[in-house]
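*Asks:* If you want the building blocks of each chain, they are given just below.
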Amino acid sequence: MARKTAATLDRRVVVKAVLDQRKDALLVTGLGSSCYDAGAIGDSANTFYLWGGMGAAAMMGLGLALAQPKRQVLVLTGDGEMLMGLGALATIGAQSPRNLSIVVIDNELYSETGMQPTHTSRGVDLAGMARAANFAQAATIRSKDELDGWIPKLYESGGATFVAVKVTNARYPMAIRLRDGAHIKNRFREALLGAKAFD
Amino acid sequence: MNAKKKPAAWPLDIYKVFKQVGIRQIAYVPDAGHTQLIKSCHADKAMQTVLLTTEEEGVAMLAGTWLGGARGALLMQSSGVGNCINMFGIIQECRFPLLMLVTMRGEWGEFNPWQLPMGQSTQKALENAGVVVQRVDDAAQAGATVFAAAQMAFSANRAIAVLIGQRVVGFKDWSK
Numbered sequence: 043m044a045r046k047t048a049a050t051l052d053r054r055v056v057v058k059a060v061l062d063q064r065k066d067a068l069l070v071t072g073l074g075s076s077c078y079d080a081g082a083i084g085d086s087a088n089t090f091y092l093w094g095g096m097g098a099a100a101m102m103g104l105g106l107a108l109a110q111p112k113r114q115v116l117v118l119t120g121d122g123e124m125l126m127g128l129g130a131l132a133t134i135g136a137q138s139p140r141n142l143s144i145v146v147i148d149n150e151l152y153s154e155t156g157m158q159p160t161h162t163s164r165g166v167d168l169a170g171m172a173r174a175a176n177f178a179q180a181a182t183i184r185s186k187d188e189l190d191g192w193i194p195k196l197y198e199s200g201g202a203t204f205v206a207v208k209v210t211n212a213r214y215p216m217a218i219r220l221r222d223g224a225h226i227k228n229r230f231r232e233a234l235l236g237a238k239a240f241d
Numbered sequence: 205m206n207a208k209k210k211p212a213a214w215p216l217d218i219y220k221v222f223k224q225v226g227i228r229q230i231a232y233v234p235d236a237g238h239t240q241l242i243k244s245c246h247a248d249k250a251m252q253t254v255l256l257t258t259e260e261e262g263v264a265m266l267a268g269t270w271l272g273g274a275r276g277a278l279l280m281q282s283s284g285v286g287n288c289i290n291m292f293g294i295i296q297e298c299r300f301p302l303l304m305l306v307t308m309r310g311e312w313g314e315f316n317p318w319q320l321p322m323g324q325s326t327q328k329a330l331e332n333a334g335v336v337v338q339r340v341d342d343a344a345q346a347g348a349t350v351f352a353a354a355q356m357a358f359s360a361n362r363a364i365a366v367l368i369g370q371r372v373v374g375f376k377d378w379s380k
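From first to last, the protein sequence lines are chains A and B.
Quick note on this note's numbering: the first sequence kicks off at 43 and runs consecutively.
Quick note on this note's numbering: the second sequence kicks off at 205 and runs consecutively.
Only chain A is shown next, with the shape it has when bound in the complex:
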């Protein structure tokens, strides 16, 4: 299954292409590089940045998707973060939410801890696992053309959607400064719920 072709896509190009079409979609990022990518490319009150709780992103997306069935929810995370919460694929697959998509920016590395290889560099196929866990659709993306074809599907309420996008090992500075958790939460709720956020 694992094709050993070197990744060519740049993570920031991928994240920008994905977020350029988000409109009013709600976004949860995993900790690490995907958090920094989303913050650098376009901060929004509709984004919740996880700076900790490795393995939490997909499940946080599920809780949000169930609470907001009319809004599309996107989870943007890394391969290491997804690997730490693989059970979430089964939980989400069993729940089959219509409005949840997961994008894994897969550089096959734990960037934060010193660029050690992850399991996806050794034949583990995250999209295959999502498909086997009853996601409505799942794919591994290696080219800009494939990415452009899949981005609209991330924002359609066609069932749980999973894509792993293979990217190069490029690293970027941690541009985002916003990291107070209570502030990120309150800002998100106020933007989504208005005055009801403080009921």
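Here are the in silico distance ranges between beta carbons for each label pair:
1) Arg221(A) x Asn332(B): 16 to 26 Å
2) Thr50(A) x Ala236(B): 49 to 59 Å
3) Asp52(A) x Ala348(B): 54 to 64 Å
4) Lys238(A) x Gln224(B): 13 to 23 Å
5) Trp318(B) x Pro111(A): 38 to 48 Å
6) Met216(A) x Asp341(B): 45 to 55 Å
7) Lys186(A) x Gln324(B): 49 to 59 Å
8) Asn211(A) x Trp312(B): 50 to 60 Å
9) Arg219(A) x Ala250(B): 33 to 43 Å
10) Asp167(A) x Ala348(B): 45 to 55 Å
Some but not every residue of chain B turned toward chain A, in silico, with C-beta under 8 Å:
11) Thr258
12) Glu261
13) Ala264
14) Gly268
15) Met291
16) Gly293
17) Ile294
18) Glu297
19) Phe300
These aren't lab readings, by the way, just hints derived from the structure by calculation.
In this text, a Cβ means the ideal position worked out from N, Cα and C, and glycines have one as well.
Got chain A sorted already, so can you dock chain B onto it with the hints?
*Replies:* Same frame as chain A, but now just chain B:
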């Protein structure tokens, strides 16, 4: 003292409190002690029940639930508390409300020695992780305790665990 023989009243008392305080999402790992409560929640079309593979998923999920403006609760057995510890960091850092109902093992008449290590550590582990702990050792107090815990969780934005003691849940009589 085996809860399986006749339906107890306390699970229904807790279910009524869930309705009263507007709980809409129930995240759970199946547990014998929560059987009746899970059944009541499953039967309620206004509730979304989410079957987890491991308890920490529920901590992350309910943070998302609150972000989306809804209220939920996490049901688990005391062994599941150990699985949640790192995720409690999200709750504390972000001041998310988190209501947890924990049925206890390893504390009162436990027949399985493997349940004792986590059962005896449950309350200390929760408190070390910044969770407020309240106990139910009298079944008649279950509803009132969960109501009080829900008020604290959702108005003070804190993690609150209600430990439902093994005296309430009942234990397997291994001498037979």
